[in-house]
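Trainee: Okay, here's what each chain looks like letter by letter:
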Amino acid sequence: MLLACVLVTAVGCEQHPQAESDLASERGAQATRTQENHRQGVILNNRGALFLQQGSPRRALNTLTQAVELAPDLPDAQFNIGLVQARLGRHDEAVAAFARAAELGFDQVDLYVAQGLSLRAQNRYAQAAAAFDRALQTAPLRADLHLHRGEVLRAMGSLDSALASFDTAARLDTSLGAAHRYRGELLAASGDQHEAALAYERAVRIDPADVTALVGQAEALRRLERFDAATAALQQALSRSPRNSRAHYILASVAEAAGDEHLAASARQNFQRLTEARRHFDQGQVYARRGQFDEAANELSRAIEVDPEFADAWLRLGALRLEDDRPQAAIETLLQVAALWPEYPEVHNLTGEAWLQLGEHDKALAAFAATLAQDPASVAAHIGSGRAHFAEARFSAAQTEFRQALDLDPDAREGYYFLGLVYAQQGRTREAVASIEQCLAVSPDHVEAHYHLGRLLADTGDLPAAREHLIRALALNPDHTRAAQRLAALDGP
Amino acid sequence: MTGGRRAIGLLLFGCLVSVSIVGCGTHDAPPPTATLSGLEAAQQLILSGQWEAATDSLRAVGRTGQAPIEVGLCLAQVQLATGHAGPARRHLDALPAAAHDLPLYRVLRAWLLAASGQSLRSQAAARQILTEYPASIEARVLLARLALQAAATMDLGAARALCLEVLDRVPQHRVAGRMLVEATLRGGDYVEAVSLGQQQSALHPEDGHLQLLVGTAAFWNKDHETASSALRLASDRFAHSYTDRLKALWLLRLVHEDQGGDATDLPPEYQFYYHADPATVPAIPHFVDVADSVGVAKVDRGRGSSWLDYDGDGDWDLFSVGIHVEHGLYRNDGGLFTDQTRALNLADHRGGWGASAADVDDDGDPDLFVTRDAWEGVAPNSLYRNDGEAGFTDIAQAAGVAGPQASFTATWADFDVDGRLDVYVTNGVIADGGANSLHHNDSVNGAVSFTDIAATAGVADTLKGLGCAAGDYDADGWPDIYSVNIGGPNRLYRNQMGASGKLGFVDRAPASGVVFPVEGGYVTFFLDFDNDGSLDLFVATMSGFEDVLRSAVEGRAVEPNRPFLYHNEGDGTFTDVAVLAGLGRSFGTMGAGVGDVDNDGSPDLYLANGGPEMSRLEPNVLFLQRGDGTFADVTQAAGVGNLGKGHGVTFADYDADGDLDLYAGLGGHYNADVWPNALYRNDGPGGASLSVRALIRGRDAIGARVAVHAGARTVHGSVASGLGFGSSNAPTVVAGLARGAADSVVVIWPDGSRDSWTDIPTAGRLTLRPRQEQDKAVSGRNP
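Line by line, the protein sequences are chains A and B.
Converting from the first sequence to my numbering requires adding 220 to each position, the first position being numbered 1.
Converting from the second sequence to my numbering requires adding 516 to each position, the first position being numbered 1.
If you're looking for bench data, these hints aren't it; they were derived computationally from the structure.
Careful, some of the hints might be misleading.
Claimed, not checked - Ranges of calculated distance between the beta carbons of each label pair, as one might list FRET restraints:
{"id": "1", "chain 1": "A", "residue 1": "D412", "chain 2": "B", "residue 2": "D1048", "range": "26 to 32 Å"}
{"id": "2", "chain 1": "B", "residue 1": "P798", "chain 2": "A", "residue 2": "D545", "range": "40 to 46 Å"}
{"id": "3", "chain 1": "A", "residue 1": "Q577", "chain 2": "B", "residue 2": "G1017", "range": "54 to 60 Å"}
{"id": "4", "chain 1": "B", "residue 1": "G673", "chain 2": "A", "residue 2": "A695", "range": "40 to 46 Å"}
{"id": "5", "chain 1": "A", "residue 1": "G479", "chain 2": "B", "residue 2": "G1143", "range": "32 to 38 Å"}
{"id": "6", "chain 1": "B", "residue 1": "L719", "chain 2": "A", "residue 2": "L324", "range": "50 to 56 Å"}
{"id": "7", "chain 1": "A", "residue 1": "Q489", "chain 2": "B", "residue 2": "T972", "range": "32 to 38 Å"}
{"id": "8", "chain 1": "B", "residue 1": "L719", "chain 2": "A", "residue 2": "S521", "range": "20 to 26 Å"}
{"id": "9", "chain 1": "A", "residue 1": "V329", "chain 2": "B", "residue 2": "Q1152", "range": "50 to 56 Å"}
{"id": "10", "chain 1": "A", "residue 1": "R259", "chain 2": "B", "residue 2": "Q1152", "range": "54 to 60 Å"}
{"id": "11", "chain 1": "A", "residue 1": "Q260", "chain 2": "B", "residue 2": "E708", "range": "53 to 59 Å"}
What the hints assert, rightly or not - Which bits of chain A does chain B cover? Going by a derived footprint, with three or more residues having C-beta under 8 Å, they are:
{"id": "12", "region": "340-350"}
{"id": "13", "region": "405-418"}
{"id": "14", "region": "502-516"}
Glycine included, C-beta positions come from ideal geometry on N, C-alpha and C.
Let's have the full structure, built from the sequences with the hints guiding it.
Mentor: This is how it looks when you write it as structure tokens:
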């Protein structure tokens, strides 16, 4: 494109008749290319949208990025990129993409909804409210939009407007429990405990498992001095969520007010225990984020000491030890967790990972199998199992596991990568190449994938492509000695 | 020479890449990255402050097994630069002995000392390295860091000089560039800081931190246009750094408001959003800062403050201390203040940190105690004896309370109930292992003498002591101590004298559930926030600015960095109810005070916030209690959201109009971070109050508990000295009565005896003495 422009300018200066003809011809060719690019862009956009629907946002993003490179003025592609970025939690990029889509004329309610949600996720409340308002202009009867609008207005402190939005949402969709719960919160905050209790009651009627609504209802009832009803709501909440510290606290207050000192003391102790353990857990997380593993382990251990049934603390301690390159210690912790809460799939995955690090492949396999027994859809467990089989040269079994992982998550880059290695071991070079290429489609900077792809392509005789991937591996890791050696071998003496 | 050996050779000169690039004098600029080895590429990234990329690169090199020593050192360097001392230490610990003499290794070890708070030792080590390796860039960078710190090592001129030396050798050294701008900004040369920042930004156009510095400097210089432009650029640069962007947006909001604009007028993408608290608030009293008009707008980088009646005329005078500047003693003359500092021999240029009042010689007039020098290092404390019209005399050395230590705050109580006030002092914040002191008052017949019995009494805590408070939390008649450690567990020292007959304490913090905050704990006080007759406990946390801003926009604390409000359950345990009480937000609280500003009978909280960074302009916060144990942030409506760095905040009804006024010592650690202290006069509306002053032998009965009964309601209070930032409210209990009237008053004196009075005035001021001392129920209102 740039080259063409330069040529046009350079030739145009000489004003040669032949040049005018060439210019016209070039313009025609350029128009054709633009049309073709647009057509390809549309195809890629559709493909990207399909990937997104299939739960493969990373592949979708790659495809959609190619689409907008070919057809930058394709608003649908920008919109889809925004959706993908939002799915990946990159709300900054999502907002930017939605803005580009809007600039290109994309004017559908879904755009404003998605934009509003991404803005809300970034706590950019006023912008989010504006986006939801824009969406409501087109779809004024959508209850979910009124709910979202109410949420951001509440965060901004526009409480009357927020309450009106929740009222509207609840009226438009009588099954929208969250709208009643939010109403309850605002009414309670404004001091209208009677109406608050009613709103919470409606929320609970719609969803009896809404523990937040149950606890809110109990607090409103406590303030209304309806202690029996409050106690009943709290017992219901605690039956569903026994570790809800706020429920214990309110129960203590209710019991104290009702003169039940024994219950009050018991509930208060529960609150103290749960919150103290949580403080240690939170502090442990802070230390862990900073890499202060010893301090983190101390705090997590203290959390467990205070509250031995704090499963998350146990689990985090195990993960921390794994992160700290202490797989044996991790296993010791994780085995205790597994004994206490065998239903936690994550425990077995972490245990499997620790066994893998120790080279105990069969034990790793057993751990991953435990996960899969509970959660056959665990991608990490399938990949872990595959790695264990692969390490034991059981390629067929490994292949099965990696395939299953990829069926479950088309974005599982390690699935493609290891599957490629399995194929390579089986001498199925073409399939190996294809699989590793898919890995790179999901994760373009996967150094080992570039290296192995380069190696495989060299074996197939595609030396330019092999060189390209080996160079890329070296660019990503200049000290990748195997890539350097391969490249040197390609270039010859 | 192999790559690894070459790198070791470079490291021996102590300057990493700088030697290869600049030290040899053969290159003006680094060679293109493509030609560098992985290690060199990583070192380049370190030089330009690209920590994440450097880590990735180093890990990649590490996987190849090449140059393990250099990789380990560089990884440790990156970890330290990003605030991860633990991993840095592990990297260094893992290195073989052969690495231990390398200058970079030694610099990083010295840096670790600084990371653990041992700045002076760190500085000495870095200086030694620089002596041995005069070309060392990293030693210079460390020394510059230390010279920038708000600590005893601070020397902004030296920081600038060191940075300039580094930049002279390595012009692209981004960290040195940033520090140069920062040092200039902290020194108050805003125009130069803007200029330097812009120059550095030209070298590093993608660096949002430099733009943030430019914006900050321009804001301080009231150059709103430049500030606004730089902060918008910073926000753009921080597109993928949530908390950094919040910093830029917050400052942009301040710039806009400073110009008289409304924050909502800014373009949406540049708005900083507060997450609102939906709960209703009670009637909010309004405050007006009258410090300037009444004569107490001292500029001293305000630290502790104390309200006292030093001249016995019945009104509240003010004592205020700051850093390395003479104290201020202001006599209250009917609501206007007269500076008596020099006239009364208090022009002590050493300044101080905590400032509390107590009558140590039992002569009926309050004396003054000043702690020093906290983060600044070891220095003697002062005990200024009140000699009446002759002024004040520092008798600390002779009395045995001088230390010296790095003392932060002090709290007074008669711990062994022998009728004399003892003092507990927190020490060791500079991580020098200095133990806290318990100075037992042995004075006889006015000859003031103290003995430090901390070790034998079991309270000689050697952690980094900061805040402390005294109170009889278990109501056994013997005052206990709560002591806050920054970077360690807090202590609840239960007084064992009742059980053993000997003054001694046992730490009950873990069993009582009051260990937290363990990282950013700062100041503390006892209070009875729910008026149930048991002393509750408040502990403030100094949270990082990132957490503060995140908390503001997300509407919840970044756990566990938040205040702690511990409710006393009466069984020896406490329950942290801060979040349920509406205090679940993160603040950079350095000082805190308690007082019932709306006279509703429930104590309210004022948090004095900030931090040393020049860009950290965090408002103080007033939490008004709703009367049901929950608090509402009413800062804006009350007009007390001062942006100056807050410390010793204290309450007193200085104008005797029946409501509590508020004094806030303000100012940061750096020369340029100065703010006049504020005196917020409470202009109501508030209900009636009864102000109770309890005296024993003519002195304020520190440690006395007061209960004012009004109908079905009881307001509990206590007389304390040495709370919050080692400061003192006026030693009265101002019992808010709302619309009610007091029926009776009960005082529990420090010796455990109890007196009660009826037939008292419905409101106003009341002075009470023990019946055994003076059989007089009500001495009448003060003038």
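Trainee: What are the numbers of the hints that this structure violates, sorted from low to high?
Mentor: Per hint list: 2, 5, 6, 8, 9 violated.
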